Amino acid sequence: FQAEDGIRDRSPSRGLGDVYKRQMEHDACGVGLIASTEGKKSRRSGLGSRETLTRIFTGLVLGGIVILCLAISKIATVVLIAVMLGVASTELFQSLFKVGWQPPTLVGLVASIGMPLAAYWKGEGAIGLILFLTFLTGALWYLLGIGGPRPVPNLAVLTLGVVYVGVLGSHAVLLLDDPKGKGLLLAAILLAAGYDIGGYFIGQALGRSPLTEVSPNKTIEGLLGGTLATVGVGVLLAVFDVGPFDGDPFGFSNALLLGIVVAVIAPIGDLAESLIKRDLKIKDMGTVLPGHGGVLDRCDTLLFVIPTVHYMVLVMA
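Every number in the working numbering is 5 more than the matching position in the sequence shown, counting from 1.
Hints were generated in silico from the structure; no laboratory data involved.
Be careful, since some hints might not be right.
Pair ranges (Cβ atoms, derived) [as the list claims (entries may be wrong)]: (1) L280 with T59: 40 to 50 Å; (2) L65 with G237: 36 to 46 Å; (3) V157 with V240: 21 to 31 Å; (4) S78 with L149: 36 to 46 Å; (5) L65 with L145: 40 to 50 Å.
Cross-link-like lysine to any residue pairs, in silico, SDA-like; alpha carbons within 20 Å at most [as the list claims (entries may be wrong)]: (6) K288 with F102; (7) K187 with L65; (8) K127 with D183; (9) K286 with V104; (10) K127 with F137; (11) K185 with I77; (12) K127 with L65.
Everything numeric in this text was worked out from a predicted model, so none of it was measured.
Even glycine gets a Cβ: it sits at the ideal position worked out from N, Cα and C.
Model the full structure from these sequences, guided by the hints.
As structure tokens, this is what we get:
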């Protein structure tokens, strides 16, 4: 799905525009291959298929790791967040690099890992500081001649990666700062999982109407299933007193409102990563999680849901 000659040719004498000119000649073929592959996958995948069972098993293992870290300590959870963001950042920058972009990957990786650790140490203000230092270091990277050609688009790609993975993901640490932070983070994870699970199974069982060309596998029925599941999880947060949704300080109406807002935001997060993958002509960001692809493929919805929960709690307080 990628322009192989663009991957091999990284000499400064050939600009990124040349790479993309050659790549665009294969766009129609690449899009067709992706659509064909996803369509075949959709027809092979059933509710009892090996792929579905693998997805469920991987999801349960990930959920168990998260719950274990939450039970151990706050710092264990922060370390897990940093590791996950580091892997997701690596996947994204590797995917960008393969199609011809040459951002300072090391800078982006250090920023994505350091941002949640800095947020744990110094709070929300540390996120802005790390973002500033990232752009500063990226500029020096090209001023000192370490990077390749085209600093402007590559610095833009660096910023995209750090904001998308590092800034959004670091809000998980900000949630933990709340007196009921563990419950809040668990609530965010459950809401994101509710959308993903509801959308996947309803889409598999009833999906007939394509949602968007950005992701041919997604259907309107899956979107509605994910929306209803997310709102349902919001209700269950209050019923089972998860986090602060036990009446102190938030009750049923707050949990319901949170579920509705997350149900609107979650599909945007899901499709945002699909948009990036579509543009890069790739199917998955990685292969580290069987049945899901990469860490970023698994956490795309969560990256948008976590900041939503954080700011909704601030607004409702």
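Margin query: Are any of the numbered hints broken by this structure? If so, which, sorted upward?
Written below: When the structure is compared with the hints, numbers 1, 2, 3 and 12 turn out to be violated.
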